Amino acid sequence: MRVSLTLNQIVQKIGGTIAGEGELEISKVGSLALAQQGAIGFFNDTKYTAQLNASQVSAVVIKLEHQTLTSLPKIITDNPYAYFAKVSQLLNPLAENTYGVHTSAVIDPTAIVPKRCSIAANVVVGSGVVLNDGVVIGAGSVVEHDSIIGENTVLEANVTIKHGSLIGRYCHFHSGSVIGNDGFGYAEENNENSIKRWVKIPQVGSVIIDDHVDVGANTTIDRGAIDNTVIEEGVKLDNLIQIAHNCRVGAHTVIAGCVGVAGSAVIGKHCKIGGAAMILGHLTIADHVTISPGTMIMKSIQKSGVYTALMPVQEHTTWLKTAVNIRHLSQLTDRIKTLETAIADSRNINKP
Amino acid sequence: MRVSLTLNQIVQKIGGTIAGEGELEISKVGSLALAQQGAIGFFNDTKYTAQLNASQVSAVVIKLEHQTLTSLPKIITDNPYAYFAKVSQLLNPLAENTYGVHTSAVIDPTAIVPKRCSIAANVVVGSGVVLNDGVVIGAGSVVEHDSIIGENTVLEANVTIKHGSLIGRYCHFHSGSVIGNDGFGYAEENNENSIKRWVKIPQVGSVIIDDHVDVGANTTIDRGAIDNTVIEEGVKLDNLIQIAHNCRVGAHTVIAGCVGVAGSAVIGKHCKIGGAAMILGHLTIADHVTISPGTMIMKSIQKSGVYTALMPVQEHTTWLKTAVNIRHLSQLTDRIKTLETAIADSRNINKP
Amino acid sequence: MRVSLTLNQIVQKIGGTIAGEGELEISKVGSLALAQQGAIGFFNDTKYTAQLNASQVSAVVIKLEHQTLTSLPKIITDNPYAYFAKVSQLLNPLAENTYGVHTSAVIDPTAIVPKRCSIAANVVVGSGVVLNDGVVIGAGSVVEHDSIIGENTVLEANVTIKHGSLIGRYCHFHSGSVIGNDGFGYAEENNENSIKRWVKIPQVGSVIIDDHVDVGANTTIDRGAIDNTVIEEGVKLDNLIQIAHNCRVGAHTVIAGCVGVAGSAVIGKHCKIGGAAMILGHLTIADHVTISPGTMIMKSIQKSGVYTALMPVQEHTTWLKTAVNIRHLSQLTDRIKTLETAIADSRNINKP
Numbered sequence: 001m002r003v004s005l006t007l008n009q010i011v012q013k014i015g016g017t018i019a020g021e022g023e024l025e026i027s028k029v030g031s032l033a034l035a036q037q038g039a040i041g042f043f044n045d046t047k048y049t050a051q052l053n054a055s056q057v058s059a060v061v062i063k064l065e066h067q068t069l070t071s072l073p074k075i076i077t078d079n080p081y082a083y084f085a086k087v088s089q090l091l092n093p094l095a096e097n098t099y100g101v102h103t104s105a106v107i108d109p110t111a112i113v114p115k116r117c118s119i120a121a122n123v124v125v126g127s128g129v130v131l132n133d134g135v136v137i138g139a140g141s142v143v144e145h146d147s148i149i150g151e152n153t154v155l156e157a158n159v160t161i162k163h164g165s166l167i168g169r170y171c172h173f174h175s176g177s178v179i180g181n182d183g184f185g186y187a188e189e190n191n192e193n194s195i196k197r198w199v200k201i202p203q204v205g206s207v208i209i210d211d212h213v214d215v216g217a218n219t220t221i222d223r224g225a226i227d228n229t230v231i232e233e234g235v236k237l238d239n240l241i242q243i244a245h246n247c248r249v250g251a252h253t254v255i256a257g258c259v260g261v262a263g264s265a266v267i268g269k270h271c272k273i274g275g276a277a278m279i280l281g282h283l284t285i286a287d288h289v290t291i292s293p294g295t296m297i298m299k300s301i302q303k304s305g306v307y308t309a310l311m312p313v314q315e316h317t318t319w320l321k322t323a324v325n326i327r328h329l330s331q332l333t334d335r336i337k338t339l340e341t342a343i344a345d346s347r348n349i350n351k352p
Numbered sequence: 001m002r003v004s005l006t007l008n009q010i011v012q013k014i015g016g017t018i019a020g021e022g023e024l025e026i027s028k029v030g031s032l033a034l035a036q037q038g039a040i041g042f043f044n045d046t047k048y049t050a051q052l053n054a055s056q057v058s059a060v061v062i063k064l065e066h067q068t069l070t071s072l073p074k075i076i077t078d079n080p081y082a083y084f085a086k087v088s089q090l091l092n093p094l095a096e097n098t099y100g101v102h103t104s105a106v107i108d109p110t111a112i113v114p115k116r117c118s119i120a121a122n123v124v125v126g127s128g129v130v131l132n133d134g135v136v137i138g139a140g141s142v143v144e145h146d147s148i149i150g151e152n153t154v155l156e157a158n159v160t161i162k163h164g165s166l167i168g169r170y171c172h173f174h175s176g177s178v179i180g181n182d183g184f185g186y187a188e189e190n191n192e193n194s195i196k197r198w199v200k201i202p203q204v205g206s207v208i209i210d211d212h213v214d215v216g217a218n219t220t221i222d223r224g225a226i227d228n229t230v231i232e233e234g235v236k237l238d239n240l241i242q243i244a245h246n247c248r249v250g251a252h253t254v255i256a257g258c259v260g261v262a263g264s265a266v267i268g269k270h271c272k273i274g275g276a277a278m279i280l281g282h283l284t285i286a287d288h289v290t291i292s293p294g295t296m297i298m299k300s301i302q303k304s305g306v307y308t309a310l311m312p313v314q315e316h317t318t319w320l321k322t323a324v325n326i327r328h329l330s331q332l333t334d335r336i337k338t339l340e341t342a343i344a345d346s347r348n349i350n351k352p
Numbered sequence: 001m002r003v004s005l006t007l008n009q010i011v012q013k014i015g016g017t018i019a020g021e022g023e024l025e026i027s028k029v030g031s032l033a034l035a036q037q038g039a040i041g042f043f044n045d046t047k048y049t050a051q052l053n054a055s056q057v058s059a060v061v062i063k064l065e066h067q068t069l070t071s072l073p074k075i076i077t078d079n080p081y082a083y084f085a086k087v088s089q090l091l092n093p094l095a096e097n098t099y100g101v102h103t104s105a106v107i108d109p110t111a112i113v114p115k116r117c118s119i120a121a122n123v124v125v126g127s128g129v130v131l132n133d134g135v136v137i138g139a140g141s142v143v144e145h146d147s148i149i150g151e152n153t154v155l156e157a158n159v160t161i162k163h164g165s166l167i168g169r170y171c172h173f174h175s176g177s178v179i180g181n182d183g184f185g186y187a188e189e190n191n192e193n194s195i196k197r198w199v200k201i202p203q204v205g206s207v208i209i210d211d212h213v214d215v216g217a218n219t220t221i222d223r224g225a226i227d228n229t230v231i232e233e234g235v236k237l238d239n240l241i242q243i244a245h246n247c248r249v250g251a252h253t254v255i256a257g258c259v260g261v262a263g264s265a266v267i268g269k270h271c272k273i274g275g276a277a278m279i280l281g282h283l284t285i286a287d288h289v290t291i292s293p294g295t296m297i298m299k300s301i302q303k304s305g306v307y308t309a310l311m312p313v314q315e316h317t318t319w320l321k322t323a324v325n326i327r328h329l330s331q332l333t334d335r336i337k338t339l340e341t342a343i344a345d346s347r348n349i350n351k352p
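Protein chains in written order, with our numbering: chain A, 1 to 352; chain B, 1 to 352; chain C, 1 to 352.
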């Protein structure tokens, strides 16, 4: 569903100052590059000035310092991108949920399902589950026994919430995510024939997810081995992420797609972890740490900052030479040492 | 279901020239290494000549230039591997679909479902969905409202197609894939207590998937933030791949498993992207680019070629030394500079 | 469900020697750091001695050599971690399964389902499937036609087993895992307009999974192209792993999360593969090999040992310099060579 609003109506709802025609009607958000008439865009960075000038948007959200760059009708604000997000929320309101339980859903009689819940087709809700007001569950999702789901939390289609998970309010779980799965815990021992085999350690902890957490498609968050796995308030997780047992992810941290966090890692608040980064187990990351994409973190990080570990890309034939040189770096260092000694010796020899 | 065909019948259907017994009956394809009597294999590379000689296959697909390497009955063709693929298709025809809708499927009355469709148990099809002729949907899959699925496209079991996705003809979605999920878009802003938090940017674009696209198991393709995510004709995606919002993947590009493509990346046509490679956002990859497995691409690639970024593997204790040396590479370079100056000086000093 | 046991009862069931109060009652396992009264912990490593001393556990599993480190009641054993795993299994017995088939499950009449099976809501079981005694299938799972599932194997919710998979006894498949999916096999050929396109190679092999194999959430194991994909006895796979077609994973090997194994790789027995490692196709890894997390294996490994390939992490600005130096490593090596020649020359010149 889409609605139209005038610039005046928008600033009335979410603040900001208009420069230009306040009665201009806006029906959608658009990118500067591809938007059409009737759209509002945002401008945040002077490297896009040419794009701003060529844009077909009807209005733009912009900082005070940039307002002279365009003659378009505009809304002036400190943080155009966040403002734009809110305009988009106004123009694209969530569809009204039709509350009720689809006849094909299988709800255990001991589960608590308030009237203001929306349970889609083929959902399965186990015994002792507590759903709170405003919960929405998409088709084919499974909520296992004794889980609690907070107010206004949304499960998209085909989500799996394992037994005993505690989930906050205003969370959003995307399709294919699996929450509260057994962690990966085994002890090695020799059997009677002295063959090493793996003994499963029962995973008796739980998952606790605080309010306003988003979890991407096919992302997995394991339950704790003994204690709990904890995701704090406002954390946003992208797709295909693995959070292992007993991790703690600090409030308002964002993690991009394909990241793995090994067991018992503790990640601070307000961290930003790039795609396909990996964090080993049993280590601690301070608050406000940024980890570059593809970077493997092997020990704790005590200090906020940006951390990177990446091989630079080369044409394959050049890389082959680089790889050989990397394998021989120790010898290279030895050769430099030898040279330094030789030079020092020759200076001594040549000394008058 | 398997069928048997003579070599004559095979060349009648898909071309090529027979050398040897044309009435030989073939009942299955086989690898040179493990095949049994009655199987046809293929030979493409002289490094497998010994394997060819020892093989139990009854016939072989082979290039003209290699035909003297074996006395087996053979089919001669330019491209033995592609020919072999087609023989396998002949010998392993897809099971005839029984068209019809399983009684347990939940189909919205506003959805369009032609007679020649196969809808398995527990499928959920939303309002306004349009399925075209020959569509097959496996058990437990969910197609949300207003999606369109082209002729003869197959969804395996437990696939999720989010609302408003546009999907072409002859596509194949493997189990657990999630198409049209919200992209990962948030704007940072300070709340009233000056604590940074994330404001969700509604993801109002769609996913457009052209004809003959295959999508692997548990692979995720996000919908666009404002504009669309586009997968062009003939793209083949393996398992556990993440394609973020607003990406474009060019026609006939193949991407191996565990790859991540960040937002707004544009990948050219006929590219080959190795497993676990990562492509950062907002960059462009030219046509006919090959990216090695595990390689992180951090900036645009303008020119076709093979690109690599990988640390060479070492025994762990050797690697520890290499890692120290890499951390001190700048100092090594400085030491070389010092040596060069010292040598130049000593030459000047020693000049007669 | 939880039970309480005395130390005496525990050693009666699983061996070990008590030092201290044998009638002490234990109701749960706990970590040394967070446990409360009534819990039993384990102690394995003297680096946790301080933690042991401060711990609130009521008893501890410990090696003979460490027994004097604490005055707590204790059970003495060779392998405290494996012993602890077994205590946890005693204290946290699996819930008794209620055998039977939920009325919403869709079971093909040709499938064999013994009485002692538990089939949850919305499960779909295809034609010709054979389930053995004690099989448990969670809500929303799909078992396609002609698959065989061994005794006491558990499928959690929303698992997909593709047609013709052969699965052993006492296996455990976690939610979202996809077993027996088509492998990623295409042959390239020019079409009539000389545009390269991909011809699908039918994947006619199967998946064979031996006894005691665990498969993590959203992990994918592809069926073979021609021959089979094989997972041997006792293999444990974590979440979000990709095992491609025709791989063989040796007995008792463990693989951590986010690992990719490309087609036809053969991994030995008793290997340990760290998270996000990648193994290229058509190579062989010996028995008892450990691969560090994040390490890309590009060629076969013949010898047991620990293998690593990782860039060390640096602050981003330092890394930028390192990256430049890596790109110029060949030139650095050339400069060292030049210096070595210069030194050798100068020595010759300076020779008396």
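The hints are simulated quantities; they were obtained by calculation from the structure and are not laboratory data.
If you're wondering where the values come from, they're calculated on a predicted model, not measured in any experiment.
Check each hint, because a few of them may be wrong.
The list cannot tell twin chains apart, which means a pair is met if one copy fits it or any two copies do.
Straight-line Cα separation of at most 20 Å, DMTMM-like style, residue types lysine to aspartate or glutamate; simulated pairs [claimed, not checked]: (1) Lys115 / Glu188; (2) Lys196 / Glu23; (3) Lys196 / Glu315; (4) Lys63 / Asp45; (5) Lys47 / Asp146; (6) Lys269 / Glu233; (7) Lys299 / Asp345; (8) Lys200 / Glu23; (9) Lys321 / Asp108; (10) Lys200 / Glu151; (11) Lys200 / Asp146; (12) Lys269 / Glu25; (13) Lys115 / Asp133; (14) Lys303 / Asp210; (15) Lys200 / Asp78; (16) Lys63 / Glu315; (17) Lys303 / Glu25; (18) Lys321 / Asp287.
Here is what the structure says about each hint:
1. Lys115 / Glu188: Close neither inside one copy (49 Å) nor across copies (35 Å); limit 20 Å.
2. Lys196 / Glu23: Neither. Shortest intra-copy (76 Å) and inter-copy (32 Å) distances fail the 20 Å Cα cut-off.
3. Lys196 / Glu315: So Lys196 and Glu315 fail the 20 Å test inside a copy (44 Å) and across (24 Å) alike.
4. Lys63 / Asp45: within (9 Å within a copy, 58 Å between copies)
5. Lys47 / Asp146: Neither, since 53 Å and 38 Å both go past 20 Å.
6. Lys269 / Glu233: Within one copy only: 9 Å inside, 42 Å across.
7. Lys299 / Asp345: Classified as neither; 41 Å inside a copy, 44 Å across copies.
8. Lys200 / Glu23: neither (66 Å within a copy, 27 Å between copies)
9. Lys321 / Asp108: neither (64 Å within a copy, 59 Å between copies)
10. Lys200 / Glu151: between (35 Å within a copy, 18 Å between copies)
11. Lys200 / Asp146: Intra 23 Å, inter 30 Å, cutoff 20 Å: neither.
12. Lys269 / Glu25: Neither. Shortest intra-copy (40 Å) and inter-copy (40 Å) distances fail the 20 Å Cα cut-off.
13. Lys115 / Asp133: within (8 Å within a copy, 39 Å between copies)
14. Lys303 / Asp210: Neither way: Lys303 and Asp210 sit 25 Å apart in one copy and 47 Å across, limit 20 Å.
15. Lys200 / Asp78: between (54 Å within a copy, 18 Å between copies)
16. Lys63 / Glu315: Close neither inside one copy (42 Å) nor across copies (32 Å); limit 20 Å.
17. Lys303 / Glu25: Answer is neither: 48 Å inside a copy and 45 Å across each miss the 20 Å cutoff.
18. Lys321 / Asp287: Answer is neither; intra-copy 39 Å and inter-copy 25 Å both fail.
When held up to the earlier numbered hints, the structure conflicts with 1, 2, 3, 5, 7, 8, 9, 11, 12, 14, 16, 17 and 18 and fits the remainder.
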